[in-house]
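Here are the chains, one letter per residue:
Number of protein chains: 4
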Amino acid sequence: MSIVGVSGFAGSELARLVAEHASLSLVGVVADRWKGSKLGEHVRVPASVAKLSVAPMSEAVNVARQGEVALLATPAEVSARLAPELLAHGVRVVDLSGAFRLEDPAAYPRWYGFDHPAPELLAEAHYGLPEVASASTRAGGARDARLVANPGCYATAAILALAPLVEAGAIDPGSMYVDGKSGVSGAGRKVEERLLFMEVDENLSAYRVGNHQHTPEIEQALSRAGRVRASVTFVPHLLPVRRGLLVTAFARLSGKVPHAEVEALFRRAYAPADLVEVRAPEDVTLAQVAYTPYARLGVRADAERGSVVVTSALDNLLKGAASQALQNLCAMIGAPPLSSH
Amino acid sequence: MSIVGVSGFAGSELARLVAEHASLSLVGVVADRWKGSKLGEHVRVPASVAKLSVAPMSEAVNVARQGEVALLATPAEVSARLAPELLAHGVRVVDLSGAFRLEDPAAYPRWYGFDHPAPELLAEAHYGLPEVASASTRAGGARDARLVANPGCYATAAILALAPLVEAGAIDPGSMYVDGKSGVSGAGRKVEERLLFMEVDENLSAYRVGNHQHTPEIEQALSRAGRVRASVTFVPHLLPVRRGLLVTAFARLSGKVPHAEVEALFRRAYAPADLVEVRAPEDVTLAQVAYTPYARLGVRADAERGSVVVTSALDNLLKGAASQALQNLCAMIGAPPLSSH
Amino acid sequence: MSIVGVSGFAGSELARLVAEHASLSLVGVVADRWKGSKLGEHVRVPASVAKLSVAPMSEAVNVARQGEVALLATPAEVSARLAPELLAHGVRVVDLSGAFRLEDPAAYPRWYGFDHPAPELLAEAHYGLPEVASASTRAGGARDARLVANPGCYATAAILALAPLVEAGAIDPGSMYVDGKSGVSGAGRKVEERLLFMEVDENLSAYRVGNHQHTPEIEQALSRAGRVRASVTFVPHLLPVRRGLLVTAFARLSGKVPHAEVEALFRRAYAPADLVEVRAPEDVTLAQVAYTPYARLGVRADAERGSVVVTSALDNLLKGAASQALQNLCAMIGAPPLSSH
Amino acid sequence: MSIVGVSGFAGSELARLVAEHASLSLVGVVADRWKGSKLGEHVRVPASVAKLSVAPMSEAVNVARQGEVALLATPAEVSARLAPELLAHGVRVVDLSGAFRLEDPAAYPRWYGFDHPAPELLAEAHYGLPEVASASTRAGGARDARLVANPGCYATAAILALAPLVEAGAIDPGSMYVDGKSGVSGAGRKVEERLLFMEVDENLSAYRVGNHQHTPEIEQALSRAGRVRASVTFVPHLLPVRRGLLVTAFARLSGKVPHAEVEALFRRAYAPADLVEVRAPEDVTLAQVAYTPYARLGVRADAERGSVVVTSALDNLLKGAASQALQNLCAMIGAPPLSSH
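As given, the protein sequences belong to chains R, A, S and D, one line each in that order. Each residue of the first sequence is one higher than the one before, counting from 1 in my numbering. Each residue of the second sequence is one higher than the one before, counting from 1 in my numbering. Each residue of the third sequence is one higher than the one before, counting from 1 in my numbering. Each residue of the fourth sequence is one higher than the one before, counting from 1 in my numbering.
It should be emphasised that the hints constitute simulated quantities derived from the structure, not laboratory data. Here a beta-carbon is modelled for each residue, glycine too, at the ideal position from N, C-alpha and C. One should not assume that every hint holds.
Said to hold, decoys possible - Below 25 Å or equal to it, Euclidean Cα-Cα: the simulated BS3-like pairs (lysine-lysine) are:
#1 R/Lys256 to R/Lys38
#2 S/Lys190 to R/Lys190
#3 D/Lys190 to A/Lys190
#4 D/Lys51 to D/Lys35
#5 S/Lys51 to S/Lys38
#6 A/Lys51 to A/Lys38
To be verified - Where chain A lies over chain D, by a calculated footprint (3+ residues, C-beta under 8 Å):
#7 73–82
#8 125–138
Construct the entire structure; sequences and hints are all you get.
Shown next as structure tokens:
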């Protein structure tokens, strides 16, 4: 397959993961930032892949057409235009941006700031969170999908945290609260004042309060999972670490599921999931998941207060982006799933 | 006055603040860790104070008796025994621990792990959060108090964040959620594995989920402020920074106060407060308050979701401990308030 | 006095220090970045100073003329043009850049990349390292100087570390080596890729190897101090911390001073210096000096290897810039020296 | 093979590396800290290895005897007693401690604080720095060695940095200076005050100035490489990062090799080395080598000052310990070398 936008943090991880996977073959990589150079000058990858030339974005379609599937690690507005073109050439697409995650076209001007150029694809796209099949409208999952929308990093952590509770009707879906904390790689490879060391180190603050684009994505997934109208108030914060993301979700217990059974609900829900671990909430740490494809969750119900807390951690560049994309890719082409190592 | 437990992080800040305040006179300092040495060997303080000898804890009462007020920066179980002794000798006390913050003696075994040795003092103690007078049962505040319980760091930030909303009846007091994030100095000067650099750096996790001792304190203050039964689900997290604490509070709007007036409610509530700043929630950052006596808050109502988010930041060792103690101390003795510089 | 370039990290520290000093009066501040706003919107300063309007750079001369002394926290090329203009108007100048530190005009194209517009001022400028008077050619120090060149941050630490040894002839001045490590604030307030959190955090590297502009400054000062031709190989490194700078200097013992007397040599040299502390080399840490005006040094001679190691730490924005500038300023106007608190 | 001391940072890396290497078979692991539990409860390793039970240290010999080679990640004093026992049972040993690195038994009381219990093994031990064969006295390298002393982390970086220059006679071997900076994992998994987050974060200081045990190791290796008496003044510093080590070495050019040829000397010396990269000194960064088995070096000669600077970086737990141990292990048993990926 090919990777478009290979010079970004997620794109670089994709290159490494695809190169290491025995069943996958990386035939082309695209990024203006590294155009004209060899991939190996920028990313440590096996020799076979290191010698790939990086093509400019203007060649994205030509390069992608040489593969069966194109992995897009491009900004949403770029993916929104590029994906339809690739599909038209018969190339299947896994898009790591938000361009095809939301079913409602009207959400794009509101949350992403642009009018969607290919709204007809929104209903077709498969929302690819493998451990929460009900987050997608496609019954067959990624298998027959032409277009997979890879979930957002915070969204993955939040949906994993709340889906079992919403599906079981254990909480009030109308008042869920998610506090997200992410390492700086989640902001992408941009030269901006807010991403300077002097701005981030020894500091913490919330951003996009009330208007982070993962909000509609989390609500959509949970609404589908629980067949309810989910409302999630989501606040992200920028953490002074490189890698890792943790969300702490709060909700009100409905009383439908006894407090003592809430944790068992999680263990059952994720027992089949190789890459989702359930532990005590205090054992859900960035260190346990960073540089791995795992997500780790912990839940604790508070009988006295009628509330439940779920902590959910993952590596924002892996389970929150590149390794989840590989899970979807492998499902699409029938390759062995991502090693659970 | 005197400082007992001057070798702790908060104790050291107290020494510096008292030494710098023109109207205050530091006459004695106590700490086993530095006993027998001079204060100036450990903390940068003006010469007059640098030459004070640090007495051992066994001399705490004798040393404290030489002053008008004793500032206790000792663990709760120690303060619980020491404060009554000092009061019996006519020394007024500002206690930085949780030993006298809760009115209900039964809360101590449950949340602090010990039986309170002087429960009769709990009703008398003034809960000293100057900007939220209603958090205390003492009408006169610190002025005539013999014993002031200095609030906890997370508790200060959380109460400041929610009190105006609870007092105005703007939110449902039965389902408030507080996500706390604190720098490591908040854990105190202990040699423990969880506080090692290799455990904290590049990492984040929640701790004491469902059983952090600031929970009853926050609920008590908000219950008093709003004359309601407040329920707060509080989850703290350890941040890889040295100083600074931020809480993000979530609550459901009751509808009593129009969304558009929620921010004005905060600005009015804190207009008289020299040390509380109200800004946009994204401008509430650790950097803005670290090493200062300020607290900074931001609020945003979400009309669509019927929720409100408040971010609240302060320096855990200053507004969350030592500088707030000085605010209380100055009020007790009628000294000019802490400079708002 | 006035501060030109008040919006930089050093400039902001200057504003705070001047505002806090009882004998100094800040009458004007200049910076394009904050032009048109009040100083207090950006820096926490006392009310009297907070209301100062920040003037644009185009008004620098007019603003500076209202004061007795102008503190320039501008880039070297800007200071090089501005200082002569201010001097012509009778305003004395303390320049925090390198524009007037080197006596040889030819050094400017080589080390700073520009031709000096006012080379005639280079001989007049006083190199202001108060604790090493011999680093300057002006016998009277700052007292009667019209123009003071405030030393560089690494240079201050390195000169303090080596001057006593060079003056005593204890080392071979032809082969001195200085390894510098500085926090990121030393790079200034620029939006550059190399200063991004993702580039700096968990990372370290040397930069400007063989061509850092503090090299000629260190050699000039030590040559003057020891009346020898000093050669210093200096390599700076960017540290993933905000504040603080430490240099480790290595030199070969000449044999002239017995090994056992080398440390005493330092203690004698700096005994009169309020702001220079001498400790064991392992007790020279960033934490001890950050946010203070102190420099701290430690020395250890290795008899077996015939070498000596000196560690030297200071806060790059304070003793490495702003507080040293205040030391010079106070000497210029005869104000009480910087409090040693 | 087996790993003794698998619970340490280096031991855990060994487990991961051995488990991932197709030709190696991990049959036993030992550590008191994890005794009685499964390896997979502590380290993410493939399933086959995850189920290994961790034996207590008291069983070390029994466990190690089941394998061909034992990797010791134990403190020097422990290795010094354990290795002879294992050798007596016919088990070959790769020791990651300093217990067998120095040829002179008298160096052990001086630098390590204990009398060596098996000094007769010191002459036999192979000093295993694969890219600098001349650092060992064994002509055949690790191939036929019963006992391999894996080099220290700082020592590896310093020897790689200086060996080419010493071997070519390009520098004065009597005055070499090495400034080391290492991430905290290099200090091992200990609960000590100096390793607390509050002590390390935002801080830097030198330690063991004049008495770090890597000093005699570096001098011994360079003396052997250059057939001279090498003198190295080495000063390590503790960096506020988790992983990564960089040394900056300074030396005086002898004049034997023209300045312009110094860099070529390095490129030639390391051209055959898969795991040593030569770049510009500013491109030698922790980020480039952390989490990889590579070392990266850069050199710059200063004609004017007659000095040379070499920067040398590696991951202290990998090329500075575990991955270098694997290089030695593979050489011992004739397995394919460590993949250069």
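> Which hint numbers does the structure go against, in order from smallest to largest?
Replying inline: 1, 7 and 8
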